[in-house]
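Make a model of the complete structure from these sequences and hints.
Chains as they are written, first to last, in UniProt numbering: chain A, 1 to 195; chain B, 1 to 195; chain C, 1 to 331; chain D, 1 to 331.
No lab work stands behind these hints, which were simulated from the structure alone. Fair warning: this is a prediction, and the values are worked out from it, not measured in the lab.
Listed next, the stretches of chain B that the computed footprint assigns to chain C, with coverage defined by at least 3 CB atoms under 8 Å from CB atoms of chain C: (1) 39 to 52; (2) 69 to 77; (3) 160 to 167.
Below, in silico cross-link-like pairs of lysine-lysine (BS3-like), each with a Cα-Cα straight-line distance of 27 Å or less: (4) C:Lys203 x D:Lys231; (5) C:Lys246 x B:Lys159; (6) D:Lys234 x C:Lys203; (7) A:Lys96 x A:Lys66; (8) D:Lys177 x D:Lys130; (9) D:Lys246 x A:Lys159; (10) D:Lys47 x D:Lys130; (11) A:Lys18 x A:Lys47; (12) D:Lys93 x A:Lys114.
Sample of chain C residues with no beta-carbon within 10 Å of chain B, all distances over it, derived: (13) Gly169; (14) Ile287; (15) Lys314.
Each residue gets a CB set at the ideal place from its N, CA and C atoms; glycine is no exception.
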Amino acid sequence: MALTVDNLTEWINSFAQKVNDQKDYLSELDTPIGDGDHGNNMARGVKAVQESLENKKPAELTDAFKQIAMALISKVGGASGPLYGTAFLEMAKKSKDTTDLGELFAAANAGIKKRGGAQVGDKTMVDVWEPLSDQLAQGSLAQEDIDKAVNGTRGLVAKKGRASYLGDRSVGHLDPGAMSSGYLFTALIETEGIL
Amino acid sequence: MALTVDNLTEWINSFAQKVNDQKDYLSELDTPIGDGDHGNNMARGVKAVQESLENKKPAELTDAFKQIAMALISKVGGASGPLYGTAFLEMAKKSKDTTDLGELFAAANAGIKKRGGAQVGDKTMVDVWEPLSDQLAQGSLAQEDIDKAVNGTRGLVAKKGRASYLGDRSVGHLDPGAMSSGYLFTALIETEGIL
Amino acid sequence: MKKIINDAGNVVPEMVDGLVRSYPQYLRQIPDTEAVMRSDEDSMAGKVGIVSGGGSGHEPAHAGFVGKGMLSGAVCGQVFTSPTPDQIYEAIKQADHGKGVFLVVKNYSGDVMNFDMAKDLAEVDDIQTKTIVVDDDIAVEDSLFTQGKRGVAGTVLMHKVLGAAADQGASLDDLDKLAQAVLPNIKTIGIALHAATVPEVGKPGFELKDDEIEYGVGIHSEPGYKREKIKPSKEMAEELVTQIDKTLNLDSSKKYAVMVNGMGATPLMEQYIFSHDLLNLLNGKDIEPAFMKVGNYMTSIDMAGLSLTVFELKEDKWLDYLNYPVETIAW
Amino acid sequence: MKKIINDAGNVVPEMVDGLVRSYPQYLRQIPDTEAVMRSDEDSMAGKVGIVSGGGSGHEPAHAGFVGKGMLSGAVCGQVFTSPTPDQIYEAIKQADHGKGVFLVVKNYSGDVMNFDMAKDLAEVDDIQTKTIVVDDDIAVEDSLFTQGKRGVAGTVLMHKVLGAAADQGASLDDLDKLAQAVLPNIKTIGIALHAATVPEVGKPGFELKDDEIEYGVGIHSEPGYKREKIKPSKEMAEELVTQIDKTLNLDSSKKYAVMVNGMGATPLMEQYIFSHDLLNLLNGKDIEPAFMKVGNYMTSIDMAGLSLTVFELKEDKWLDYLNYPVETIAW
Ligand SMILES: Nc1ncnc2c1ncn2[C@@H]1O[C@H](COP(=O)(O)OP(=O)(O)O)[C@@H](O)[C@H]1O
Ligand SMILES: Nc1ncnc2c1ncn2[C@@H]1O[C@H](COP(=O)(O)OP(=O)(O)O)[C@@H](O)[C@H]1O
Ligand SMILES: [Mg+2]
Ligand SMILES: [Mg+2]
Ligand SMILES: [Mg+2]
Ligand SMILES: [Mg+2]
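What follows is the structure in structure tokens.
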């Protein structure tokens, strides 16, 4: 059970699949509390990631993470681009020292928080990344944890991102970035042999 | 049975009434083969005419015709403004010599044709003014003549005015200026003692 | 109808008031009219005046082109309705600085007749006038027995050329010759996705289905020559270029100015995409426009759509006139 | 959705291509990006560069303000989506003429983060940068714990002021001080009659009933602060002026610049009528704007509506900057 370029690629492809399948749903989530483009943004990003991994097959984990990061940074734009990009860039850095997914995700989560300034409870992807990274570190991540984290954003008042312009009226809606992040974690636990 | 300032005023007020009642209908007629404003244009015009006759009661027929003409010329605009305006201006000139409605209308009709360059059969108000002026001169104008002249424009291909841009597709629609002119003639035959 | 207005019967006076008060450096209003004149009096001294105008609803035309180097005045009629002769006459009087006044009229029965009557009034005052009747819209068949073609967005290029020439001292006769020479070289054709709503009418001038477009629509919702299902921008550009080509015989040995004109509700995004396709088509014929403009110049209230104007620059001077600096709100 | 486009996924590259090829005298495109730079290289020599940008869909912003006396470059993101750091970085590199580059960013999480990352990249090349994050939209409550207010049409006034100062030789630090001083004096509030349709989404960002309007909507269809039945223009103007008054304390002893900005599908006719009502209200407070502009500057694709920006001119120099001549497509 270890992280390899192959199962990383498998994980990312599975994430890409989910994003593409749920593209419209992600944009729909982004409509009442955002600008309706999260599905399109993420779909553009995962397409670039897949093309990059196809065209230049990385030999090393660090290169793989870096290619993923660069594809996301240069193709997604918006808020999610720099955030997802930073997450994978931090994993790239960390992967020089360790392949432990708990540590990698902790670094990624720290990067997201630093880049966007959001804390847990601000109704952003951080509400998924932080608790689930912790669970990963403890070796106990399950789908119900993912669902709980994602669904937990529904009751929150947004403090960061576009949804924050709504203030209290953001309550009652899932955060789109939390949802797409949920797919990343689901794809992870569904990837055989990676955990 | 003679034209006086009083029955001229009565006639014009009755015309104004019809235009106001049929304002939407006139604009509707102007929609498929024009720009949908004939009712508004004429309503603006007859309002100005009525105000003018109210505010400065003309003593002479010539003054009355002139006031009507000036109100129409300076308030209607579009194609119908100069045409109706010219018609009444010609009547004003002619009224210095005669009060015979046949002669007045012949002069008016000639003025319209000169101003707009349209002939009978071009699907314009001329298709009402020319035959009905002739009938007036013969002392035999009836509502059925008016209806016939107005309805006759339906089958014509427009050669002048906005409807001409449609070419053959103008067939099958009444000409709005013919319709409003019809009201003028109907108002005339309904005005007691004028004919 | 959802519009930012107060009273549908009062849009023109309020609009003109707002315009003039927002831009006093360019415009002043002739009291008791909806005619607007250039504020910069000095720039008109000793020059032929140029007056244009027409129905309102085509903003920024025509008032947006009043200013040093372009129009001396513009007369704003009711919405889609020619202005009246008395107001045109006032503008002519104020535009005259002893050298006469040139009138730019779009070829609609109403405009032609009202400007004609104004000309008659000006003659009484011994003000010399000449007129060009612009009829650049090739969507309508021409004929000696009909009104002929409509005047649309190409009128703005006529304003520009004449304005530059007048500013450089052209006489009334010079302008007349110039206008006559230029006119047959300006051709326009439009496309509509949604009709305009005249405030007093309250509903669109015609109905297009959710997937329909119409070619050749006029700027007052006059019907066009064909309706079709919506197509990619590339194919719309192809249709319009084909129509223009039929009359101008586009050729790489000639020079052209091009104007892509938005109809009011079509965002620049779409106008630029259309321009991309248009330039590809022209480049395919080895034509690179010598001058180009993209934006809202001669609109039709809130119509969605655009028009393409091509102006064959038979003389180099005409290009200089287009590039001549002006001080207006909208050029 | 009925639009003049080819492929919803391809609108930005085609739009930028059409724009740049239509106006080569102003713009050139950085190859392999959707970033555009001022063509007039000479005008930038020895001066601080100014780079702005953001999501597309706000045309003519931002590329329409690139040119002598205003922006050095603009980076065009996907529709309503911040551009990516690599492209911003390319624009920064090309805008740098040895004096550093000033970045004008609208306050959206995405823009702030992507421009930040680009700044980091530029630092590696020893290119000095400073940033102003414009947040003029008063429809949103400010707070230390949230993203804060959005950047909207007032950004264009920021471009103008900084562009004029940079053209006159201001240093990066001068510009930083100027931008910080100006920022709190620019306030904007908008109103929507109909939401924008992002091509890739295919339907309006929100639904308003046939008789409904919404106050405080953002330029990406972000929700506003209240919905109401449509009202006369006069009352809309009253609501917007009241909101502006709350933050700026409008006073006849102060000087103001005013911008009425159309959202893309609202014709100038309505913008001028609104301006008429606005000027009546301001005149009622004995205020005559020292500078005014009405038109489409920062749009939201095909949104119907407009925004009102008031800029308190605390210093006379700021008015000079607004009046400073520029060579751009859209100012
Ligand atoms: N400052 C932030 N910190 C963390 N996450 C953020 C922040 N701002 C936005 N997000 C995340 O980004 C998501 C929106 O992404 P997206 O729609 O692609 O970008 P944009 O908001 O620019 O359109 C939000 O749902 C939220 O999860
Ligand atoms: N050249 C012309 N000669 C005679 N009548 C004309 C001419 N042009 C237009 N008309 C008449 O004017 C009517 C249209 O008037 P109106 O709608 O008020 O003006 P506009 O066409 O300028 O909008 C037509 O129905 C027709 O009867
Ligand atoms: Mg979004
Ligand atoms: Mg009409
Ligand atoms: Mg009309
Ligand atoms: Mg976005």
